[in-house]
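Sequence order for the protein chains is Y and F. With our numbering, letter number 32 in the first sequence gets 32, and the count goes up by one each step, no holes. Take the position in the second sequence, starting the count at 1, then add 113; the result is the number in our numbering.
These are calculated hints, taken from the structure and not from any lab test. No experiment lies behind these values; they were computed from the predicted model shown. Some hints here could point you the wrong way.
[What the hints assert, rightly or not] Distance condition first, Cα-Cα at most 25 Å in a straight line; then the derived SDA-like pairs of lysine to any residue: (1) Lys40(Y) x Ser209(F); (2) Lys38(Y) x Pro121(F); (3) Lys41(Y) x Gly168(F).
[Claimed, not checked] Take a look, some chain Y residues computed to stay more than 10 Å from chain F by CB distance: (4) Pro8; (5) Leu11; (6) Val12; (7) Met13; (8) His26; (9) Lys40; (10) Leu45; (11) Ile56; (12) Asn70; (13) Leu73; (14) Gly100; (15) Thr111.
Glycine residues also receive a C-beta, built at the ideal position from the N, C-alpha and C atoms.
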Amino acid sequence: DTEVTQTPKHLVMGMTNKKSLKCEQHMGHRAMYWYKQKAKKPPELMFVYSYEKLSINESVPSRFSPECPNSSLLNLHLHALQPEDSALYLCASSPLPNTGELFFGEGSRLTVL
Amino acid sequence: GENVEQHPSTLSVQEGDSAVIKCTYSDSASNYFPWYKQELGKRPQLIIDIRSNVGEKKDQRIAVTLNKTAKHFSLHITETQPEDSAVYFCAASISSGGSNYKLTFGKGTLLTVNP
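With these hints in hand, go ahead and build the complete structure from the sequences.
Next comes the structure, spelled out in structure tokens:
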């Protein structure tokens, strides 16, 4: 299995809702990432988990809460989002020690009303 | 931190022509340079990469060149086809085997191949 799987593919939520994005990989990768991508822009790094521990938080607002329950799963919990948070959220994984390559999921397209 | 500049932002070519996209980076410690292709609504897909101990790498119609002294690298696509139309991102990183791994992307190039 060489895929990173993300669910849901599309999500529409109101500003008062609580929702979660999920990511799963079975490649044995021990680093997992959340990226945010706005239209016509490059992916922006949000969080990095290494060996299931948060190693990088790129000053992301607390309304985004990551969780790594085990080496295969990565969640992003969403609460009290703003319309400007609407974007494509990409999960990625890489082996550790890192070789540089990132394997991206298809993304979850989030719309905040 | 690393800064990656990418040019041009848009590129339009006729089918069969070549396309060249150029990137420069700022951190001389960077040693891994991937290129991603992203079609509309899809994930970024790695199409080719190069490491700092290599000057050029080819894969069929795609090639990447790296000039470490000048800190720039380029993507070359020959015999372009309409299905090459997409946004292309260059990126740079320091691949040291550590766990705090960050990939810095260029702003992207929208390539349009006209039939």
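We went through each hint and held it up to the structure:
1. Lys40(Y) x Ser209(F): 30 Å, violated
2. Lys38(Y) x Pro121(F): 19 Å, holds
3. Lys41(Y) x Gly168(F): Violated. Lys41(Y) to Gly168(F) sits at ~28 Å, over the 25 Å cutoff.
4. Pro8: Holds, since 15 Å exceeds 10 Å.
5. Leu11: Leu11(Y) clear of chain F: closest Cβ-Cβ about 15 Å, beyond 10 Å.
6. Val12: 16 Å, holds
7. Met13: Non-interface label on Met13(Y) holds, nearest chain F Cβ at 20 Å vs cutoff 10 Å.
8. His26: At about 17 Å from chain F, His26(Y) clears the 10 Å cut-off, so the statement holds.
9. Lys40: 7 Å, violated
10. Leu45: 6 Å, violated
11. Ile56: Given a closest Cβ separation of 6 Å, the condition is violated.
12. Asn70: 17 Å, holds
13. Leu73: 18 Å, holds
14. Gly100: Non-interface label on Gly100(Y) violated, nearest chain F Cβ at 4 Å vs cutoff 10 Å.
15. Thr111: 14 Å, holds
The structure shown violates the earlier hints numbered 1, 3, 9, 10, 11 and 14.
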